[in-house]
Amino acid sequence: MKFVHVGINVVNLEKSINFYQKVFGAQPVKVKTDYAKFLLETPGLNFTLNACDDVKGNQVNHFGFQVDSLEEVLKHKERLEKEGFFAREEMDTTCCYAVQDKFWVTDPDGNEWEFFFTKSNSDTQVKDSVACCISSS
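Residue numbers (my numbering): 1 to 137.
If you are wondering where the hints come from, they were derived from the structure by calculation, not from laboratory data. Check before you lean on any hint, since a few could be wrong.
Unchecked claim - Each computed DSSO-like pair below joins lysine-lysine, with the alpha-carbon atoms no more than 30 Å apart:
{"id": "1", "residue 1": "Lys15", "residue 2": "Lys75"}
{"id": "2", "residue 1": "Lys22", "residue 2": "Lys119"}
{"id": "3", "residue 1": "Lys37", "residue 2": "Lys22"}
{"id": "4", "residue 1": "Lys37", "residue 2": "Lys75"}
{"id": "5", "residue 1": "Lys82", "residue 2": "Lys30"}
{"id": "6", "residue 1": "Lys22", "residue 2": "Lys75"}
{"id": "7", "residue 1": "Lys77", "residue 2": "Lys119"}
{"id": "8", "residue 1": "Lys30", "residue 2": "Lys77"}
{"id": "9", "residue 1": "Lys77", "residue 2": "Lys56"}
{"id": "10", "residue 1": "Lys15", "residue 2": "Lys77"}
{"id": "11", "residue 1": "Lys82", "residue 2": "Lys32"}
{"id": "12", "residue 1": "Lys15", "residue 2": "Lys119"}
{"id": "13", "residue 1": "Lys56", "residue 2": "Lys32"}
{"id": "14", "residue 1": "Lys56", "residue 2": "Lys119"}
{"id": "15", "residue 1": "Lys15", "residue 2": "Lys37"}
{"id": "16", "residue 1": "Lys37", "residue 2": "Lys56"}
{"id": "17", "residue 1": "Lys22", "residue 2": "Lys56"}
{"id": "18", "residue 1": "Lys30", "residue 2": "Lys56"}
{"id": "19", "residue 1": "Lys77", "residue 2": "Lys37"}
{"id": "20", "residue 1": "Lys32", "residue 2": "Lys119"}
{"id": "21", "residue 1": "Lys119", "residue 2": "Lys82"}
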């Protein structure tokens, strides 16, 4: 396997393309009037946007990028804040049976993306008062 494929429905294709260009740091490889495709080598991701008239709620829990260090988390956070995105930070939080440093950004249709570094495993799902891996935009 080379790529993971994720396709999401979006209401405003232009806004979503703009958002994902900044988040991915890449241009789409294909754009049509109702469709856009990003093909990322790192991470191996085939990501498509499918325009539709209405998107009701977040049909998935969230999406995320697992990175190799806290420094990489902070680099992406700084980069996206410079692009004008609000980044909700969660450092040293226990989530999904792991201790993680992370931040979140939200796309124009309410889908949340986390950039996270796993510091260690945990025997508990959540120890903090912060909701674990639940969209709260």
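Structure-based check of each hint:
no., hint, in the structure
1, Lys15 / Lys75, "holds (24 Å)"
2, Lys22 / Lys119, "holds (26 Å)"
3, Lys37 / Lys22, "holds (14 Å)"
4, Lys37 / Lys75, "holds (25 Å)"
5, Lys82 / Lys30, "holds (26 Å)"
6, Lys22 / Lys75, "holds (14 Å)"
7, Lys77 / Lys119, "holds (18 Å)"
8, Lys30 / Lys77, "holds (27 Å)"
9, Lys77 / Lys56, "holds (28 Å)"
10, Lys15 / Lys77, "holds (20 Å)"
11, Lys82 / Lys32, "holds (28 Å)"
12, Lys15 / Lys119, "violated (34 Å)"
13, Lys56 / Lys32, "holds (23 Å)"
14, Lys56 / Lys119, "violated (35 Å)"
15, Lys15 / Lys37, "holds (14 Å)"
16, Lys37 / Lys56, "holds (22 Å)"
17, Lys22 / Lys56, "holds (24 Å)"
18, Lys30 / Lys56, "holds (25 Å)"
19, Lys77 / Lys37, "holds (24 Å)"
20, Lys32 / Lys119, "violated (41 Å)"
21, Lys119 / Lys82, "holds (26 Å)"
In the structure shown, a violation is registered for the earlier hints numbered 12, 14 and 20, in ascending order.
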